[in-house]
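Novice: Now for the letters of each chain:
2 protein chains.
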Amino acid sequence: MKTRPFGRVIPIRDAIEIVESKIKPIDRREKIPIDLTVDRILARDIKAHFDVPPFNRSAMDGYAVIAEDTFGAGQFDPKVLRIKGSIHAGEVPGVRIDRGECVEVATGARMPKNSDAVVVVENTEGEKDTVKIFEPVHPKENVSNAGGDIKEGEVILKDGELLDPGKIGVLASLGIGEIEVYERPKVGILPTGDEVSAIGMPLEEGKVYDINSHTVSALVRSNGGRANLYEIVGDRFEDARRSIEKALENDIVLLSGGSSVGERDILIDVINEIGEILFHGVQIKPGMPTLFGMIEDKPIFGMPGYPTSCLIDAYVFLLPAVRKMARLPEKKYSKIKAKISKKITSTLGRRQFLTVKVRDGEAIPVFKESSTITSISNSDGFIEIDYSVNLIEKGEEVLVNLWQ
Amino acid sequence: MKTRPFGRVIPIRDAIEIVESKIKPIDRREKIPIDLTVDRILARDIKAHFDVPPFNRSAMDGYAVIAEDTFGAGQFDPKVLRIKGSIHAGEVPGVRIDRGECVEVATGARMPKNSDAVVVVENTEGEKDTVKIFEPVHPKENVSNAGGDIKEGEVILKDGELLDPGKIGVLASLGIGEIEVYERPKVGILPTGDEVSAIGMPLEEGKVYDINSHTVSALVRSNGGRANLYEIVGDRFEDARRSIEKALENDIVLLSGGSSVGERDILIDVINEIGEILFHGVQIKPGMPTLFGMIEDKPIFGMPGYPTSCLIDAYVFLLPAVRKMARLPEKKYSKIKAKISKKITSTLGRRQFLTVKVRDGEAIPVFKESSTITSISNSDGFIEIDYSVNLIEKGEEVLVNLWQ
Chain X
1 MKTRPFGRVI PIRDAIEIVE SKIKPIDRRE KIPIDLTVDR ILARDIKAHF
51 DVPPFNRSAM DGYAVIAEDT FGAGQFDPKV LRIKGSIHAG EVPGVRIDRG
101 ECVEVATGAR MPKNSDAVVV VENTEGEKDT VKIFEPVHPK ENVSNAGGDI
151 KEGEVILKDG ELLDPGKIGV LASLGIGEIE VYERPKVGIL PTGDEVSAIG
201 MPLEEGKVYD INSHTVSALV RSNGGRANLY EIVGDRFEDA RRSIEKALEN
251 DIVLLSGGSS VGERDILIDV INEIGEILFH GVQIKPGMPT LFGMIEDKPI
301 FGMPGYPTSC LIDAYVFLLP AVRKMARLPE KKYSKIKAKI SKKITSTLGR
351 RQFLTVKVRD GEAIPVFKES STITSISNSD GFIEIDYSVN LIEKGEEVLV
401 NLWQ
Chain Y
1 MKTRPFGRVI PIRDAIEIVE SKIKPIDRRE KIPIDLTVDR ILARDIKAHF
51 DVPPFNRSAM DGYAVIAEDT FGAGQFDPKV LRIKGSIHAG EVPGVRIDRG
101 ECVEVATGAR MPKNSDAVVV VENTEGEKDT VKIFEPVHPK ENVSNAGGDI
151 KEGEVILKDG ELLDPGKIGV LASLGIGEIE VYERPKVGIL PTGDEVSAIG
201 MPLEEGKVYD INSHTVSALV RSNGGRANLY EIVGDRFEDA RRSIEKALEN
251 DIVLLSGGSS VGERDILIDV INEIGEILFH GVQIKPGMPT LFGMIEDKPI
301 FGMPGYPTSC LIDAYVFLLP AVRKMARLPE KKYSKIKAKI SKKITSTLGR
351 RQFLTVKVRD GEAIPVFKES STITSISNSD GFIEIDYSVN LIEKGEEVLV
401 NLWQ
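From first to last, the protein sequence lines stand for chains X and Y. What the first sequence shows, in the UniProt record's numbering, is residues 1 to 404, in sequence order. What the second sequence shows, in the UniProt record's numbering, is residues 1 to 404, in sequence order.
No lab work stands behind these hints: they were computed from the structure. Keep in mind that this is a model prediction, so the values were computed, not measured. Hints are all accurate, no fakes.
The list treats identical chains as one, so a pair stands whether inside a single copy or across any two.
Here are the simulated SDA-like pairs of lysine to any residue, each with C-alpha atoms no more than 25 Å apart in a straight line:
1. K331 with L402
2. K128 with G72
3. K335 with S222
4. K140 with D51
Isolated chain X, as found in the complex:
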């Protein structure tokens, strides 16, 4: 059994920088209904093609008046105006008013010509054809002006903005039903290793189910990417090359397993032949044998096969890459302080990601082995133990990054 040593095992920040330098935001656009654009990135400026609201409208139920007619009105000295008609919301007013006249208006109704203010109904006493006004209004009072929300010609949303309910409301206010957003980056996920068996079928003797395709695809999907799952890669050079070349239809390719030393590490040979390996080996625990390279303009990750190594690795390297391609802001973990429940030793020179659960202010390590999925699934989050730290005493305060 030949073994192939790692190249230079590089610090995690160097590895992150190398990945970062190779990841470009996706430029492809797609047009989708605005109701499906939450957490998507707008792919063009939105310039208002009309005023919102498109006309002066009443902001209250009441009477549209010429403000001057109400000046001096008081509780015991009302002004009396002649009611010339009424306008409901959505109607096009046919009337105009002159001095001494008013029109009943509902909230949202277009203001009749010549009116410049609204007296709210609570400050009036209507009779058959006239209404008593008990309080004066100043011009523009209780009127929403045309363009008061958005002015025609204004660039109201910009290319690159993250869409949320409020901004989707702006699109709706302009009547826009479908809009261009950036496409989500596609991540092709290829499990490798003869010990891996596809889920949903009986488990073959001597094998374990493929976990990584599903943890990684879940991570990709919840960070603005699309995940394409491929069949388990064969262990012959030509098969592996064919699988990898096929997966280049994605924006990122991720191999899980097969990046460790060992005679069947033909994936390294394949990448070296059709592309370039930029690093192989990172000062991180778990996840040391992480590989990153480029095949033409496509980044390719090789993650360890062990489920917790692979998923921690994916959180550290793949997640920021996917979010950058998707133009999403950096992920911010909720953080809480807790006291570590027992003494922890770490390896100098490697940054350790230690999974913990948090109970009553205590951070309880749940990490068993990199090979176990429960090392991560039983945790509420993780703590980072830096290069220079090899010991955390029981009871020391640590900062936990929560998954949720």
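Dock chain Y against the given chain X, drawing on the hints supplied.
Specialist: Frame of chain X; chain Y shown alone:
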């Protein structure tokens, strides 16, 4: 124009309590592929039906040995073992070893019978049929035991757990391809008001586009719910009743507009006839004329028609209701401290939600009018001004709840 006064305008915490008391988590389940279950809620306990891993396997590349054979091995005094064969990952070992023997194993390979430890390849020097062992191992060293991750019979995930990449990994480790999750609550959204015009079509004279259906549906979708949009509700009693009755096919019904006083507030009459109004009017700004009731066992919200009032209202009342029905944890807003950029006055006795943008540590109010969508779309978040506060001085520190 007749006006109908509000009933008792109740404090916001009473309103939230009333809503909370009427909202029950959804019991309906659906079975979906595990790759689509991120942020969904598991709807049954998961009991392992076999050990994970299903067999003892090597945790490293190296040689499977009987540990005792390596005791006393050293750099200058290696133990020499006879190589009896090799086992790759995924293979079923045909060999067993006896004292003095070993088998080459790859990481993940099933351990040969009688072996109890693995010497990592770095601590060996292989020759043709023998290998030199330079370091001793203790029994179980570098071996992942059967059931070491998950034990057969163990309840490894529980009904009600929020699924994330790690927990999805547990499902995969058990070979589960599809799983039961709770259905997402369905929210039927009905715009009302003759002034409202559907998006995607030319705007009719005197009308404005329907904003609320789209802001609210975006909010629902990003909080674990399904949004069903209905046509604009007509303003005749029978039409309104038919529309509302149709929308009862959802778990929650939301009307936007039409909850304010005014002669066309027939929605109130409809709800009173076929259901019950539990409150109408809340000490909140914007959003005072909020209505909540029950029609049979279905909660119904009446939100103000003004876009910012409606959306703030939806954040305050609808969002917690949808999340509770969906069994999701309460939404936690990221919060930052900032200094308010100008003096703010508020109304005593109402809790105000003031939208702000944050620039260089300053919270700059962007609220214009409740009728404008830009009051919310231009904001980064909001500050809450309590009942008892009627003034915030310029430069005072405030806590901003960020939308993102």
